[in-house]
Amino acid sequence: PKLSSSRVRAHILACGDVPDTVPASIAPTIRQNKLYGLEVHDWLKAHLKTNRYLHSKNVAEMAAALSDIYDVNVESAVRAGILHDAGKGFSGPELVAFCKKHKIKVPFFEDICKQEPALLHSFVSCWLAKNRFGVKDKDVLSAIAEHTLGSLQMSTLSKILFVADISSKDRKYKDAFVIRNLALQDLDKALLYAANRKLLFTIDSQKWLCPLGIDLWNHLIKQEK
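Residue numbering for the sequence shown follows the working numbering, beginning at 22 and increasing consecutively.
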């Protein structure tokens, strides 16, 4: 069946359930055939820890809310949000091996492998979105790949996902509330603040700074002036 409302389809993809607004004659078919993203939720629940799965749902929810404000297709926003951490269940060595096996192109790959292989999860998540779940929308794929380190040519969807990831409602630290409120008013200011917080957190944790993150910061600062 084809639902008339993209909002209903987005709800199913974001939340993993069929809302009561769906006719009783259609809902069982959707559940039985795992339509509109229900199969995605089954896979995520099987491959991610519970808190990571819930985070993905929260990011999808926030991405949907921001898509309304910034005129982005809600289904694209939700799809990027729910799949952005699909590769998060892999360990560092597994991420490295996965990237090598599937020849995934990653900037500064050797440095990331040596210093902070967990950063590879965004690129692996992008690969899974495309090859495991059949996502063809380039904006969605780019947003997933860029949600951790950003890029110099971020689309509005990429900015939304970057911000939603760091400030979804499961994030309880003070900065998350600041970013969340900023995002409702000015997406670019929220992005700048989020990039700043990420850099400072990395420095405070005495971890390696990926050049991509530094490049993003310098790019955003230039745009501000």
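Mixed in with the good hints there might be a few duds.
Here are the simulated lysine to aspartate or glutamate pairs, DMTMM-like style, with alpha carbons at most 20 Å apart [as the list claims (entries may be wrong)]:
(1) Lys219 <-> Glu137
(2) Lys151 <-> Glu96
(3) Lys190 <-> Asp89
(4) Lys124 <-> Glu137
(5) Lys124 <-> Asp196
(6) Lys121 <-> Glu131
(7) Lys190 <-> Asp160
(8) Lys78 <-> Asp132
(9) Lys70 <-> Glu115
(10) Lys126 <-> Glu137
(11) Lys126 <-> Glu115
(12) Lys135 <-> Asp158
(13) Lys126 <-> Asp160
(14) Lys122 <-> Asp132
(15) Lys109 <-> Asp92
(16) Lys246 <-> Asp236
(17) Lys109 <-> Asp191
(18) Lys246 <-> Asp191
(19) Lys78 <-> Asp191
(20) Lys243 <-> Asp207
(21) Lys190 <-> Asp207
(22) Lys70 <-> Asp191
(23) Lys159 <-> Asp92
(24) Lys66 <-> Asp89
(25) Lys210 <-> Glu115
Listed next, with one range per pair, are the computed distances between beta-carbon atoms [to be verified]:
(26) Pro49 <-> Asp132: 48 to 54 Å
(27) Lys126 <-> Lys193: 44 to 50 Å
(28) Ile47 <-> Lys157: 39 to 45 Å
(29) Pro49 <-> Gln136: 46 to 52 Å
(30) Ser26 <-> Lys195: 33 to 39 Å
(31) Lys190 <-> Gln227: 39 to 45 Å
(32) Ile224 <-> Lys121: 28 to 34 Å
(33) Asn239 <-> Asp207: 16 to 22 Å
(34) Gln136 <-> Arg28: 23 to 29 Å
(35) Lys122 <-> Lys228: 24 to 30 Å
(36) Pro49 <-> Leu221: 47 to 53 Å
(37) Ser26 <-> Glu60: 16 to 22 Å
(38) Lys121 <-> Asp92: 35 to 41 Å
Simulated from the structure, these hints should not be mistaken for lab results.
No residue lacks a Cβ here, since even glycine has one placed at the ideal position from N, Cα and C.
Of the hints stated earlier, which fail here?
5, 7, 8, 12, 15, 18, 24, 25, 27, 28, 31, 34
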